[in-house]
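K.L.:
Sequences listed follow chains A and B, in order.
Residue numbers are given in the numbering used here: position 112 of the first sequence equals residue 112, and the series is strictly consecutive.
Residue numbers are given in the numbering used here: position 55 of the second sequence equals residue 55, and the series is strictly consecutive.
Hints are computed from structural coordinates only; laboratory data are not their basis.
Here the structure is a predicted model, which is why all the values come from computation and not from measurement.
Incorrect hints may appear among the rest.
[As the list claims (entries may be wrong)] Here are the computed distance ranges between Cβ atoms for each label pair:
hint : chain 1 : residue 1 : chain 2 : residue 2 : range
1    : A       : Ala128    : B       : Glu138    : 54 to 60 Å
2    : B       : Asp194    : A       : Phe124    : 52 to 58 Å
3    : B       : Lys75     : A       : Ile115    : 26 to 32 Å
4    : A       : Ala79     : B       : Lys315    : 54 to 60 Å
5    : A       : Gly73     : B       : Lys46     : 44 to 50 Å
Here a beta-carbon is modelled for each residue, glycine too, at the ideal position from N, C-alpha and C.
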Amino acid sequence: MIEVMEELVKGAVSEVFGTMLSIKTKPDKSLTLISNGDPHIASSVGFIGDVTGVVFIYSTDSFARLITSRMLGLRTSEAIGEELVNDSMGELGNMVVGHIKSRLCDRGMPCVLTIPSIVRGSQFSIEAAASATRMVIGFRCDAAEQVAIEVLIKPTDGPQP
Amino acid sequence: MGRKILTVDDSKTIRMIVAKAFKTFDCEVLEGSNGVEGLAVATREKPDVIVLDFTMPIMDGYEMLAKLKSDPDLKSIPVIMLTAEAGREQVLKIAKLGVRDYLIKPFKEEVIIERVSRVIDLKPRGEAVAKIRNFDDEIQLLIVDDKPAIIDQVRNGLADTKWKVDGANAPGQAMDFCGHTLPDVILASLTLPDNGGYSLFQTLRGGVKTKSLPIFGLTVKTDTDQQSKAQQSGFTGVITKPIEFEDLKTKICRTLNLDTSLRYFLQKDGALVMTLPADFSQGVANEVAMYLANKITLAVDAGIDKMVMDLSQLKKADITLIKLGLSTIQMCHELSIKYSMIGSEAVCQECKNYEETKDWRLVMSYQEAMSQLGVKLQVAA
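Go ahead and model the full structure; you've got the sequences and the hints to work with.
P.N.:
As structure tokens, then:
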């Protein structure tokens, strides 16, 4: 399952970042979660059904602002409120996980999405239940920026690929 | 009247993206953050199309759509569903709901414009406001020519206007430019490699945002084949090289319905001043004559009873000038407006030779003209 999810995450990130932000992404296994003390933001969307889990998109606060300005066609010098950044990052998560969900449905694993939620802070980490399968993929974004995607999958009795 | 597009999405980001996409069109984008708000706005505003999200709190897209379809007043409003979930099952479910179309997130701005334009006729906002724009407003021109000298020439030739001239050396670059800035007018060379000018024209005519954009072909005066080919292809017009800039300005003004009266008329020192330019021609005379009655009426309405005709920039007096002068004088007589005329030496001299103009009392300066009208101007220290 984890291999399937890795492939779906890579496809979804490439599609969403390319279409909505005109940002080229490249998976980079050497990149991990951000833990340098800088303010960062995590957007999460869950999926529940034959496959159940949650996807987190981590980025620095400054890159999240750039993402928001790109999505909305705003100048980077314009003041962008935290609420708008949260909403844009939530929508970005919704699109990424929506893309993954559609491919899971097509593979006979129907599921529904949860509404997006946002976590902000300088030092935080997400702890998962011991039984959950965890995967982290880092992406270089136009060379200068990076995001990390963390996927937690709960084992279920549903169909497996 | 502009069209109304209702976007119903719990994400402010998506509502802003939709609003941004239609910013350049003559339409109003209304918003609702869930099905309940969406229904309320739809009932009140009767939008021409609804762009509806599926997953929303309070009332989701399915329920809102069902309620729309059961309301006799709202059921005919076309709905385009917007969803991040594109599985086959989901698409089939959407199709059964009676929506006009559906759009999968992520989506490009051009795609949502294209889908909405299949449902309603979108007109660029410029068409609606062009009539109230003035010659002195900033007009955006895009010159598409592989010769940088031509782009520079146009830029220099229009330097006396507030118009902004940008250049593109190939059709691809022009399309990129139109993607982020919609020009008011395009001048495209008809001699670009591989018929680039014509293919650019076709591509722009096929785009929702650019289908009504005025596009002039640019070619040398002697190349009559290209000129007739451009006319047959549907170009707005042809500008010939060497470019006559007054002719170019006139063509652009007419195409964009620009109010050019400020070039010739202004109210100053309690008088209406009509200034004829050095390049006075039959075209200019027609333009001035077109505004004349209205300008004089507006001046009288504003309590002005004096007029100055400034002919000092002209190098000769011909029949066109004489006709315009006589009709202006007649209007002044009819409305009891005092008038005076300023002329260049050549015009003063020539006017003495014509029966119709021998009595014109031309003076040599604005101060003298105002003095003739009984207005003493303070001389700057």
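K.L.:
At the C-beta level, are alanine 79 (chain A) and lysine 315 (chain B) separated by a distance inside 54 to 60 Å?
P.N.:
Since alanine 79 (chain A) and lysine 315 (chain B) have Cβ atoms about 56 Å apart, the given range 54 to 60 Å holds.
K.L.:
Could you tell me whether the CB distance from lysine 75 (chain B) to isoleucine 115 (chain A) stays inside 26 to 32 Å?
P.N.:
holds (29 Å)
K.L.:
Within 44 to 50 Å: is that where the Cβ-Cβ distance between glycine 73 (chain A) and lysine 46 (chain B) falls?
P.N.:
violated (29 Å)
K.L.:
If you check the beta carbons of alanine 128 (chain A) and glutamate 138 (chain B), does the distance land in 54 to 60 Å?
P.N.:
holds (57 Å)
K.L.:
Measuring from beta carbon to beta carbon, are aspartate 194 (chain B) and phenylalanine 124 (chain A) in 52 to 58 Å?
P.N.:
holds (57 Å)
The earlier numbered hint that this structure contradicts is number 5, and it is the only one.
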